[in-house]
Amino acid sequence: MKKVAFVYPGQGSQQVGMGEAIFQESPTAQSMFEQADAILQTDITNLMFEGPIETLTQTEYAQPSLLLVSSVITKLLEEEGITPSAVAGHSLGEYSALVAAKAFSFEDALSLVQTRGRLMEEAYPKGKGAMAAVLGLEQNQLQIELDKIAQETNEIIEIANLNCPGQIVISGDKGTIDDAMTKLKEAGAKRVLPLSVSGPFHSSLMKPAAESFAESLNKIQMNDITLPTYANVTADIVSTKEEIKQRLVEQLYSSVRFEEIINNIIESDVDAIVEIGNGKVLTGLIKKINRRMKTFTIQDPASLNDFVMWYKEES
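Heads up, the sequence shown is in numbering that gives the first Met the number 0, so the first residue is 0 and it goes up one at a time.
Because the hints were derived from the structure by calculation, they are not lab data. Treat each hint with caution, since some may be false.
List time: in silico DSS-like cross-link candidates among lysine-lysine, alpha-carbon distance up to 30 Å [claimed, not checked]:
| no. | residue 1 | residue 2 |
| --- | --- | --- |
| 1 | 147 | 127 |
| 2 | 182 | 2 |
| 3 | 218 | 173 |
| 4 | 182 | 147 |
| 5 | 2 | 244 |
| 6 | 287 | 125 |
| 7 | 287 | 311 |
| 8 | 240 | 1 |
Estimated spans, in silico, between C-beta atoms of each pair [as the list claims (entries may be wrong)]:
| no. | residue 1 | residue 2 | range |
| --- | --- | --- | --- |
| 9 | 189 | 23 | 40 to 46 Å |
| 10 | 308 | 187 | 43 to 49 Å |
| 11 | 289 | 187 | 20 to 26 Å |
| 12 | 283 | 26 | 30 to 36 Å |
The C-beta atom is built at its ideal place from N, Cα and C for all residues, glycine as well.
Throw the hints in and build the complete structure from the sequences for me.
Printed below as a string of structure tokens:
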């Protein structure tokens, strides 16, 4: 039997039309989309299929939409008898991973990420926070530059995502991020690209959201898990429900250590890493971490069938 890891994308991978092809072909998908509409008390299905993109991109809609598509595909793979040997997610994607690991139910996860999105939007004044991708600076050098900028401005600017070699995302006050874009280029960054997000996610500016979110986590049924599941905050495996809750709270204001997670998964000797959900962002990062690693992306019936055929063929 082949050994595969599933990884799940986070916010930024949403687009109008996501999940529609699978919805059209699968009664299981249709049932889960109907569930989502009822749980979220909004026509999330129509928003995903018809847009507008401006609304779909809002955090409180993007997060449950992405979790819905990822969870539907995971369920369809389960129906094919395919389960992963390990799971992980990028930021929001960690919730899809935890659904796959049975840490909590799909239904509870939908409500959780809707609340998470709302709290993240409310944690910092709209338009006052920002994030940017820094290309071509090593982590240690980038940290030195960010410390200088923070000292000069007395504002928050921190490392948010450690994505792959040469790509690190920073987060903080918008004015400070804007100033940093020029300063980091002068310090040797090849490019600094602003991200289309609505807040300073994965920075200490999200701590107010984390405090409120902890209360929401305490209200749902959480289970210990045995499927290796990697936490964003530590890049290590979590298993007990207490640790899972703690890491999900910390995740809101801590760096996503995606590069370390992928290296740890590769060291566990998997045959392939499979990106489950909309887009191919994580697959691109994985190829930059280790170009020899076999990867798949599953986001529609054709890519689902291709993977199932590979998985079930004789080695």
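The hints, checked one at a time:
1. 147 <-> 127: Given that 30 Å is the threshold and the Cα spacing comes to 21 Å, the pair holds.
2. 182 <-> 2: violated (45 Å)
3. 218 <-> 173: Violated, at roughly 34 Å.
4. 182 <-> 147: holds (10 Å)
5. 2 <-> 244: Holds. Residue 2 to residue 244 sits at ~28 Å (cutoff 30 Å).
6. 287 <-> 125: It is violated: about 33 Å lies between the C-alpha atoms, which goes past 30 Å.
7. 287 <-> 311: holds (27 Å)
8. 240 <-> 1: holds (28 Å)
9. 189 <-> 23: 40 to 46 Å: Check passed, 42 Å falls within 40 to 46 Å.
10. 308 <-> 187: 43 to 49 Å: With Cβ atoms ~46 Å apart, the hint holds.
11. 289 <-> 187: 20 to 26 Å: holds (25 Å)
12. 283 <-> 26: 30 to 36 Å: holds (32 Å)
The structure fails to meet hints 2, 3 and 6 from the earlier list, while all remaining hints are met.
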